[in-house]
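Produce the entire structure from the sequences given, and follow the hints as far as they go.
Number of protein chains: 4
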Amino acid sequence: MAMVCLSDFEAYAKKYLPKIAWDYFAAGADDCTTRDENILAYKRIRFRPRMLQDVSMMDIRTKILGSEISFPVGIAPTGFHQLAWPDGEKSTARAARAMNTCYIASTYSTCTLEEISAAAPGGLRWFQLYIHRNRAASQKLLQRAEALGFQGLVLTADLPYTGKRRDDVRNGFRLPPHMKVKNLEQDFEVCGMSPLDPSVTWNDIYWLRSLTRLPIIIKGILTREDAELAVRHGVQGIIVSNHGGRQLDEGPATIDALVEVVEAVRGRVEVYVDGGIRKGSDVLKALALGAKCVFIGRPALWGLAYKGEEGLQDVLRILQDEFRLSMALAGCASVSEIGQHLVQFSKL
Amino acid sequence: MAMVCLSDFEAYAKKYLPKIAWDYFAAGADDCTTRDENILAYKRIRFRPRMLQDVSMMDIRTKILGSEISFPVGIAPTGFHQLAWPDGEKSTARAARAMNTCYIASTYSTCTLEEISAAAPGGLRWFQLYIHRNRAASQKLLQRAEALGFQGLVLTADLPYTGKRRDDVRNGFRLPPHMKVKNLEQDFEVCGMSPLDPSVTWNDIYWLRSLTRLPIIIKGILTREDAELAVRHGVQGIIVSNHGGRQLDEGPATIDALVEVVEAVRGRVEVYVDGGIRKGSDVLKALALGAKCVFIGRPALWGLAYKGEEGLQDVLRILQDEFRLSMALAGCASVSEIGQHLVQFSKL
Amino acid sequence: MAMVCLSDFEAYAKKYLPKIAWDYFAAGADDCTTRDENILAYKRIRFRPRMLQDVSMMDIRTKILGSEISFPVGIAPTGFHQLAWPDGEKSTARAARAMNTCYIASTYSTCTLEEISAAAPGGLRWFQLYIHRNRAASQKLLQRAEALGFQGLVLTADLPYTGKRRDDVRNGFRLPPHMKVKNLEQDFEVCGMSPLDPSVTWNDIYWLRSLTRLPIIIKGILTREDAELAVRHGVQGIIVSNHGGRQLDEGPATIDALVEVVEAVRGRVEVYVDGGIRKGSDVLKALALGAKCVFIGRPALWGLAYKGEEGLQDVLRILQDEFRLSMALAGCASVSEIGQHLVQFSKL
Amino acid sequence: MAMVCLSDFEAYAKKYLPKIAWDYFAAGADDCTTRDENILAYKRIRFRPRMLQDVSMMDIRTKILGSEISFPVGIAPTGFHQLAWPDGEKSTARAARAMNTCYIASTYSTCTLEEISAAAPGGLRWFQLYIHRNRAASQKLLQRAEALGFQGLVLTADLPYTGKRRDDVRNGFRLPPHMKVKNLEQDFEVCGMSPLDPSVTWNDIYWLRSLTRLPIIIKGILTREDAELAVRHGVQGIIVSNHGGRQLDEGPATIDALVEVVEAVRGRVEVYVDGGIRKGSDVLKALALGAKCVFIGRPALWGLAYKGEEGLQDVLRILQDEFRLSMALAGCASVSEIGQHLVQFSKL
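Protein chains in written order, with the numbering used here: chain X, 1 to 348; chain G, 349 to 696; chain B, 697 to 1044; chain F, 1045 to 1392.
Take the hints with a grain of salt, since some may be wrong.
As the list claims (entries may be wrong) - Okay, the calculated beta carbon distance ranges per label pair:
| id | chain 1 | residue 1 | chain 2 | residue 2 | range |
| --- | --- | --- | --- | --- | --- |
| 1 | X | Asp321 | F | Pro1130 | 48 to 58 Å |
| 2 | B | Gln1040 | G | Gly615 | 19 to 29 Å |
| 3 | G | Arg483 | B | Ala698 | 34 to 44 Å |
None of these hints come from the bench; they were simulated from the model.
All residues carry an ideal CB built from backbone N, CA and C; glycine is no exception.
Written out as structure tokens, the structure reads:
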């Protein structure tokens, strides 16, 4: 079977992963409306391609928070990579480094931050943090990340409680006994998400600020009001995200929310987006609407499920080729030429 | 089979109820367009969730006409509960009391008002009235309800004649011989709805007013004009309803009609809505658009069909949990924080 | 099998008619887009029903060009009724008279005008005319109709050539040898529509005017511009029609076109509509948007195919009952109370 | 099997062509969204047909760049006709001449320009050019075309690189060994499109201008900005095209883009359109929106696949008959009467 586009990897993963793992990765909250809308919303955006531009020399590199990456696609934080591939997050880290892009490691990794760092020294990595009721544990974790050379702290804002993912409830999902949420001192029970602190507020960004010199990126913003608050509380970046449709169902598709967030932010901080990226042209649309970079979640897991770090590199390489091609066909030779003039929202 | 969401109960009821009973409960008028629109219209509403609010202490209680209920979901009036479960409305009353919410008992109950009251003393109940040609019978019925401690009188306004429900016609639907519309003196023939008075007008609200001290809630309002008339005629509450799509097909979905009714009412009386509620987040949407409380019809019957009062409690508990979770994920810790800023209508 | 709604008759006809006859009646031009849009467009119109009106005494009669009919549904001109039932248009005439409504007999009837008249003396009938190249033949035909007591002349304006109905081409449709287009002197070949005159213009209405004292109703108008021209050329009525979607595919649905025609006509002549009527509530919508009466085409043929005149009466009676019920449920006790306030166009 | 409409030819070709050839012709880029949108977009346009116009004498001829053609449908440039029929482009040329219309021969023909010319002397033909890195080869090719009597030069602007057509990648598409891209000196490898020059810019139009006296038509314009540039750079015609949806997926449907291009051009040069034409009424819509003529791509290949030049004539004749009929039914007797008043965009 030729792996030609990302849905080939999806089909592979669906076929070969254990059902309980596939269901966990695929899950959306409730009716999965938002999970699916993330994808459909891209389809409602039309390009306005420009012809006869010199696109013989393509430059698809960009920078995020000052670090150059080979193209504007990073790896979003997702949990439990060992469910997809035995080496888990170590493979993810290696693939990201090989492709010269950014990997956001999740609090809920099945490898320790130290293992991840050791697997791919020198790779560009950010660390994703959930604030736990045990604040000391969170502080220790983020300071470990900083010490290990992680270059950004991603605070997830949309999970005071875990969304209701019906299949996980039906399956009674929990990690197999030989896997652990290794970054947390004591073993971690997935179904009772009790360790997370639902009382976190904007002021806790000041608390984080006091603990680390890393840039803070807030993940899970969907409205202009929260974007404004994020900027005012001093974050360096915003990831427009609805957690892959796994938290509040029937919120906006991320590409739709991106528009209002970018407008509110007015260039004061970098804005990224995740959710629904399935083709290189989706990346182009996100950049045209103001994202500095996108992050992929499920497609990275499909790549891992296919062939570990090699499979994830395949996924990234396909996205890279498709992105470069769609840029060229739209008339852009470098990322700096991408702008809102390239897209329009379909009236349908 | 795990009962995870309301459609699990629907599937159960469809599988285990006699076809004639399922068809009766499921029926919509004509093409069932409005019945289905009630559900689809919720899907066109998008949340605008707010992040980093302290949602560690959730308060989902509310009050309707001064009575506190555990969360803003009551039981809408539906007929013939014995078709779903042998104990019929007695089970409904017990479940509603157990969950500390309001049950609107229908004129067309298969238990008497006295049996309902005795089954769950002290529960919050309203009585739903159809005005019959025999006005004395209607008067007697409502005064029995008042004497039994029912705390509200719900006048159904949208049934001068019964809507055309094709499956009921095909099935020749009527109650099995061992069931009766017990609240009415003489036996009651379902298919010839002749006892109902199609000459009822707004002035009859004054007549009802003269008969009872109970608050009067009018059910079946779908336009701003009728909402204004209802307020002017002195009702205490309005239930925006299209009778579950069982009367005039191709009227508005209730959640759409709610918007204009709430606007017209301008807070002068409480506004409720029924029709199409299938998830806790639907409740949140209805409240965000101005409903004080919602009422569920068919889902209550599915719960009864599953396990009587226990099954109905399961349904209510799922809705309660989902509602609490969606509130938290939208950034609201109490019902008073819910407002129109939480939603937007999708352009699709 | 119970005949509960019009689609029951459609299913019956599809099952029992010879394929070539079913295909001919069902045919739309090209992709059948407009044929289907006629129906779908009704679904995009929502009622705004009003409650607590006294609807105990329902009056659904109306008048068209001064003649009272029992309810605002007549029989549109369609050809070749013997394909549906042996007695052909004689049965149609009898059913229309029995139900006290108007029947528009087609030029392309398989019974003569004399046979039609004799079958149901005293019935309200209009005659539909195609203008032929042989003008004398057309003149003779219309004067026969006038002499026989037909009370209106319906000029079909949308058939300079016959639309392309793919199934008819595939089937090589023509009348079986024992049927004739009896109103025309010489036998009539259906597939080569050569006798029709494609040079007819608005001035020919003056020519018709000079030949008859009957009111002239023009059928096939879809734009405000043509509506204005029709009024200026002195017609007494306009039937908004796209020939059941059998002529130019991808024109407007008739209920959509009705709005602009009614607006242009400003009450100067009566406006009717055909196409897509499948339920009593469709009739209510058409009247709310300004039609004085609707005409049914295919449903009448299904009724004939079911049981001849008895079947057509069944169809009319169902529409009548549904129309009366939907009027009552919308809060109207008589046709004069129906108005535009009852409907709104869905934004979907 | 009767060939009644263009989709009959499509079904035939899909059934009888080798899969690799069918896939190549049918292919769209990525998800094929734009390929399919080209067709769907026509369906969103509604006619406003006018009645009672004298349409007894129909004149469907038009002129493109001064040359008369029998009706406003030409053959778009597509590659590799021998994949559809042994005689390849020679059959295409013969059919186009027989039907008295214009054929745009592709650079990637499997017959030489000389063979094409010899097959149908005197036919109206334009030559489609890709600019190659080897500019001398391109120059030689276009001057051969001019010497052979081709009357227009069509510069394809939307293929700096080849779009990603997944099925072609999966199939490892390349020409069978016995076919050649004969117009190019050395054999031509399809999958590595390296000979094409991605550095072509607007200034290269001046270069072409210096090489030939033929009118230059630019193909692949989709925006008003590029339309303005095309006019300013002195082209004589614009073909609004998205390469049949084979290049950048999720650009606009061509019939939608036509509107803005026509508006921008303001009559200064002729505008044509290709993509999605499947019925005569699509041609009428395109002309109503300002196209001077349309070009068909895949339907021509289906015609070839069916019966070579005879099959292509069948396709053209069907389109011609359908176009004439739809003009008549819309009330137009000649192409000059077609205008924007005939259409409106559906709100759906």
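Practice task
Mind checking the hinted window 19 to 29 Å against the Cβ distance between Gln1040(B) and Gly615(G)?
Solution key: holds, 25 Å
Problem - Whether the CB-CB distance between Asp321(X) and Pro1130(F) falls inside 48 to 58 Å - result: This hint is violated: roughly 36 Å between Cβ atoms.
Problem - Status of the given 34 to 44 Å range, CB of Ala698(B) versus CB of Arg483(G) - result: Given about 35 Å between the Cβ atoms, the range holds.
Hint compliance for this structure: hint 1 is the single one not met.
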